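Number of protein chains: 4
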Amino acid sequence: MIEVMKKDSTQDQLEGVKARIESHGLEVHLSEGVERTVVGVLGQIFIELKDELESLPGVLEVILISKPYKLSSREFKNEDTVIKGGDAHIGGDELVVMAGPCAVEDEDQVLSAAHAVKAAGAKILRGGAFKPRSSPYSFRGMGVEGLRLLAKAREETGLPIVTEVMSPEDVGMVDAYADILQIGTRNSQNFNLLDAVGKVRKPVLLKRGFSATYEEWLLAAEYVLAGGNDQVILCERGIRTFETGTRFTIDLSAIPMIKSLSHLPVIADPSHSTGRAHLVTPMTLAAVAAGAHGVIVDVRDGAQALTFDTFADMMTRAKAVAQSVGKVPAGTGR
Amino acid sequence: MIEVMKKDSTQDQLEGVKARIESHGLEVHLSEGVERTVVGVLGQIFIELKDELESLPGVLEVILISKPYKLSSREFKNEDTVIKGGDAHIGGDELVVMAGPCAVEDEDQVLSAAHAVKAAGAKILRGGAFKPRSSPYSFRGMGVEGLRLLAKAREETGLPIVTEVMSPEDVGMVDAYADILQIGTRNSQNFNLLDAVGKVRKPVLLKRGFSATYEEWLLAAEYVLAGGNDQVILCERGIRTFETGTRFTIDLSAIPMIKSLSHLPVIADPSHSTGRAHLVTPMTLAAVAAGAHGVIVDVRDGAQALTFDTFADMMTRAKAVAQSVGKVPAGTGR
Amino acid sequence: MIEVMKKDSTQDQLEGVKARIESHGLEVHLSEGVERTVVGVLGQIFIELKDELESLPGVLEVILISKPYKLSSREFKNEDTVIKGGDAHIGGDELVVMAGPCAVEDEDQVLSAAHAVKAAGAKILRGGAFKPRSSPYSFRGMGVEGLRLLAKAREETGLPIVTEVMSPEDVGMVDAYADILQIGTRNSQNFNLLDAVGKVRKPVLLKRGFSATYEEWLLAAEYVLAGGNDQVILCERGIRTFETGTRFTIDLSAIPMIKSLSHLPVIADPSHSTGRAHLVTPMTLAAVAAGAHGVIVDVRDGAQALTFDTFADMMTRAKAVAQSVGKVPAGTGR
Amino acid sequence: MIEVMKKDSTQDQLEGVKARIESHGLEVHLSEGVERTVVGVLGQIFIELKDELESLPGVLEVILISKPYKLSSREFKNEDTVIKGGDAHIGGDELVVMAGPCAVEDEDQVLSAAHAVKAAGAKILRGGAFKPRSSPYSFRGMGVEGLRLLAKAREETGLPIVTEVMSPEDVGMVDAYADILQIGTRNSQNFNLLDAVGKVRKPVLLKRGFSATYEEWLLAAEYVLAGGNDQVILCERGIRTFETGTRFTIDLSAIPMIKSLSHLPVIADPSHSTGRAHLVTPMTLAAVAAGAHGVIVDVRDGAQALTFDTFADMMTRAKAVAQSVGKVPAGTGR
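Chains as they are written, first to last, in the numbering used here: chain A, 1 to 334; chain X, 1 to 334; chain B, 1 to 334; chain C, 1 to 334.
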């Protein structure tokens, strides 16, 4: 941590800063520049110290040098984390596609989607039983009955299931049915929920908060890892910007960026980020080319999302791009 | 709801759209412009219809005309909602100041802060027992012991307490101690938590999500109102923008804007929005001049936030501004 | 254009709105919904009418249905515009790479870069002689001497030149040297400059303003097209968001989005958008997979940007991705 | 400037960094922390060094400690700059209101507005003769004829004129008529234009770019100051955020923030920032309470902006707020 004194700060103020730092058992390392005096803080830094120092008289700013996340950082663990979902490996050299309907609505819908996405090469079935909705008047999902239908689709197709959990008290129930537990973008700083899935022993698909920085996202992962669950899959799903032509702005530079900061697998959601069916295929191809370990796609036959045929076509094209960047078929790599 | 056809859409596509609308028992109203055909949808609109229509062939875009929130809208209830907190009235012509330490740390800290803010004219004591923290390694609050200290401060000073609740399963416990339950910015779309405080019969202080639109914010309030709790106080606490010179960007136009859209009281948080002590007083004065029904301020004696003296000075100045815009002393109005 | 009346608006207010619309020679088309009265405006709409109507009493909001840009829209011209730069075709089925140093510094630097990028397969040489700099104390480019060095590099390698013009009075001079004139992100709403390059008869590379919406970006192109210059190449170069981990956030969904809205070619700038060398290759591959007609990349041997070797490696990988999405070698397509 | 080495960087990489710094005649100051080695750079820093160092192997990040602007900083000049406009003092303890029509349309409009705003207490007349428009098909102002009408209004009322200049070649012409030259938000990084008004000897009203950080805004001012013109008035006019309920988000924390960073006067534009007439008065009052040295308001009788009556009412209320925060009547202070 580095603390910068104001230009017109006094010697007394500098002494005050030094005393405060040393009161926490930390060491001070002084550096007097042409324009500023800079105070290096050495030792076991805690994040609250930033606010504490910034409020002292004479202090211009405090800059954190160490990253506040540890278990999720590549510096902590250099090898890529590879997570198994059925016979697919997420985080290695495979491209793993998760697909299915956004919300589970009835048996026929789930089963037909499961068969269609499997036939096209998807390795994991997605489907929502608990749906976060901005309006209290919207359909909020089938609940446990939706979980049962997903389980039935797994039985029929062998595809593992990823589905969202919205509240700490539902974690046990969702854990009983799901193969991968999803944390949605609106819950990415629901810390009690992150604590709760940290105690589960199944992979967690952690969507980026739509206004979360890379650091906040990795800190959310840190909650799960610190809870003892080391199977976290990160998912870029678009951030909120001034552009309203798409629902959110998919940040594909997050893919290589997160791969450089963290050992955790990272996938992309081209459906919810763009909110427009005609952008799903190009953004899937782009995510693959950018190095994503997988994608999660809304597929259903009917009005919304990709239809089965469009999805099958997208899969063919995604495989070609995947091959061009050196990926192997899902289920054959590590 | 209005649906706009693409320029090169066919008559068949138009018929498809009309059929879909009518299948939901809604009426179609056609309007053929020079460049576009526009389809008005009449009847009891549901929000999911937008996505549904937007995915049909030939459709350019769908525009919502009605607001998706009802109980929180001024069209639903024209008179201002005034909420009592102790002897103060939030939502009327008083300026109500809530003040205290961000996090409760020990008895002495809470009691001295409570006495100091009361002496300066604050009407409600704030203090956090459960603290949402972006890092799992930060101090996450004293929990129930913090609630007990707040209750003790209330006993000594007579100030009602506002404190945060973070999880549905804690609502009962916090309700047993608090006079006003606070929902933090990171939980503003934690829908299970909103449901839970909707069942409580005490005022809820609902912070704006730092990336929530006005509409999403009012929909969050709608969750609480729809649950049967009609005492919601809205709090502007800064939104996330590209500017990093302040922690968040306080959106003071939200004050008159929300007052025009909703009957609910609206206050401002100049501390967490700016993240800088020297901006708290000017932003408090600005919020008052903009018409805020109150402010909630971090005050503690020591390193961070406003000191007791600075707070007392701010109160004197805020009262002068309040008077200049026609407010009466807190506790004397309605 | 559609105008929505407030719920509590009066018949008189509605008459006022109708009168105002008709005073401009436009037709009114009324639609009375359950909650709102909606007024369709038919005829030759002008964009200022929105503000005019929104200020009338009783008006809730005004919604534009027609796009404000015409010449740049795909509805105006359905076939893709293909622009020649040397023997490369920008806008067709080729992947055209523009590469070179960000700022021209000396002869040796430009010539060695020109030879290196040509050897690796680049088709157009980029280099800045006039540099927009946020600080007045930074090096602002070599000016006309830089243009001469670029011309010399063209002579030696045969590569056409793309270089930035910053001011209307420089357009003639830059036009005398450059093959493609570049408008930088900070000048994307410098309307006098857009007017000036509209009179040139050479291709214009128009960078997206870093806070421009798709609509504003296409309106900037419209300025050039309306001036009589129909050779505009659009370039996504990152938008400003809350994320500071990258310099800007590259918006790759802009690639397919702009291709659906406009017939103009669209390329990406993976260097300036990310500001980080290790992200240039993955974002180049992603842009290609997303359907970009080309990329523009900073390449120089030395400290910054991609080195010659890294660039050559990137080119090999970009060609593989290009092939996987059906592109042909640059110079062989249309 | 501070450079942070990666955790796994080698001694050789550190030597490389040191050599590079010393090659520029700068001094190195080493600090080895528990987790990172930090290199302080001492001497006359130049801003490009950041990019240069960040591209060296082993470098994690480079942090600027000194502010890149000098002449506009409060550290350079501690006393407030006060700028005279007619008999008003902008930057001292007066509240100076600039008002008038957004665009000059005809003589009657300008003269009646000038008389009305003067009667209500405005001290400076605003009006646009050159209008930046996002669409090339919109009315782009009356040009020099508009300047003549403004001059006539000045003659009749004695009010000095502030009006926008859009292009370096127009600076002479606008300078011949205007008392204060305005640089619009879209030209806030039009560096050639900033250079040009730096050579003028009249006050420049510099609007914040709608996506400019505080630092970029002050660097834009620095261009003007570095050109030799020390009369710059800064104007907060809203920034672009995700919120679309207002046209832009007015950032009122910019008022006290800029006052702490710079000695230059700072005013607010409540009209263009909000884009909604009913927000102009509350945002004016808020800006005054926040400490703004003035406001610039759109006023015209008719459809848009504030009407004369609303403006007069706003002035009465603004004066009360101004008095409550210790301002004196415009024209009587310093």
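These are computed hints drawn from the structure, not numbers from a lab. All values reported here derive from a predicted model rather than from experimental measurement. No residue lacks a Cβ here, since even glycine has one placed at the ideal position from N, Cα and C. Among these hints, one or two may not hold up.
Ranges of calculated distance between the beta carbons of each label pair, as one might list FRET restraints [said to hold, decoys possible]:
| hint | chain 1 | residue 1 | chain 2 | residue 2 | range |
| --- | --- | --- | --- | --- | --- |
| 1 | X | GLN11 | B | PRO57 | 21 to 31 Å |
| 2 | C | GLU35 | X | GLU107 | 54 to 64 Å |
| 3 | C | SER23 | X | GLY275 | 44 to 54 Å |
| 4 | B | LEU111 | A | PHE46 | 51 to 61 Å |
| 5 | X | GLU35 | B | SER23 | 15 to 25 Å |
| 6 | X | LYS18 | C | THR244 | 25 to 35 Å |
| 7 | B | ASP108 | X | GLU35 | 48 to 58 Å |
Quick list of in silico lysine to any residue cross-link-like pairs, SDA-like style, CA-CA up to 20 Å [to be verified]:
| hint | chain 1 | residue 1 | chain 2 | residue 2 |
| --- | --- | --- | --- | --- |
| 8 | A | LYS6 | A | LYS77 |
| 9 | B | LYS50 | C | LYS50 |
| 10 | C | LYS131 | B | ARG133 |
| 11 | C | LYS131 | B | GLU216 |
| 12 | B | LYS77 | X | GLU215 |
| 13 | C | LYS131 | B | THR10 |
| 14 | B | LYS70 | C | SER138 |
| 15 | B | LYS6 | X | PHE139 |
| 16 | X | LYS77 | B | THR10 |
| 17 | C | LYS50 | B | THR10 |
Anything over 10 Å on all C-beta distances counts as not near chain C; from chain A, calculated [unchecked claim]:
| hint | residue |
| --- | --- |
| 18 | ASP8 |
| 19 | GLY33 |
| 20 | GLU35 |
| 21 | ARG36 |
| 22 | SER66 |
| 23 | THR241 |
Status of the hints after comparison with the structure:
At roughly 39 Å, the beta-carbon separation of X/GLN11 and B/PRO57 lies outside the given 21 to 31 Å, and the hint is violated. The hinted window of 54 to 64 Å between C/GLU35 and X/GLU107 is violated, with their beta carbons roughly 37 Å apart. Evaluation of the 44 to 54 Å hint for C/SER23 and X/GLY275 yields a failure: the beta carbon distance comes to about 39 Å. The beta-carbon spacing between B/LEU111 and A/PHE46, approximately 54 Å, falls within the hinted interval of 51 to 61 Å.
Checked against the given bound of 15 to 25 Å, the beta carbons of X/GLU35 and B/SER23, roughly 21 Å apart, stay inside it. Taking the beta carbon of each, X/LYS18 and C/THR244 are about 30 Å apart, inside 25 to 35 Å as hinted. Evaluation of the 48 to 58 Å hint for B/ASP108 and X/GLU35 yields a pass: the beta carbon distance comes to about 56 Å. This hinted pair does not check out: A/LYS6 and A/LYS77 have alpha carbons roughly 38 Å apart, beyond 20 Å.
About 46 Å separates the Cα atoms of B/LYS50 and C/LYS50, which puts this hinted pair outside 20 Å; it is violated. About 25 Å separates the Cα atoms of C/LYS131 and B/ARG133, which puts this hinted pair outside 20 Å; it is violated. A threshold of 20 Å between alpha carbons decides the hint, and for C/LYS131 with B/GLU216 the separation of about 16 Å falls inside it, so the pair holds. For the proposed pair B/LYS77 and X/GLU215, the alpha carbon gap of about 37 Å is over 20 Å, so the pair is violated.
This hinted pair does not check out: C/LYS131 and B/THR10 have alpha carbons roughly 35 Å apart, beyond 20 Å. For the hint pairing B/LYS70 with C/SER138, the CA-to-CA distance comes to about 13 Å; that is within 20 Å, so the pair holds. In summary, the hint linking B/LYS6 to X/PHE139 is not supported, as the alpha carbons are separated by about 49 Å, beyond the 20 Å threshold. Proposed proximity of X/LYS77 and B/THR10 is supported: the alpha carbons are some 19 Å apart, at most 20 Å.
Our distance criterion of 20 Å between C-alpha atoms is broken by C/LYS50 and B/THR10, whose separation comes to about 62 Å. With 10 Å as the threshold on Cβ separation, the claim that A/ASP8 sits away from chain C is violated: the shortest Cβ distance comes to roughly 7 Å. Here A/GLY33 does not stay apart from chain C, with its beta-carbon only about 5 Å from theirs, under the 10 Å limit. A beta-carbon of chain C comes within 10 Å of the beta-carbon of A/GLU35; the shortest separation is about 5 Å.
Distance to chain C contradicts A/ARG36 as a non-interface residue, since its nearest Cβ pair spans about 5 Å, not more than 10 Å. Under the 10 Å C-beta cut-off, the non-interface status given to A/SER66 relative to chain C is violated; the minimum distance is some 5 Å. Interface exclusion of A/THR241 from chain C breaks down, the closest Cβ pair being 6 Å apart, not more than 10 Å.
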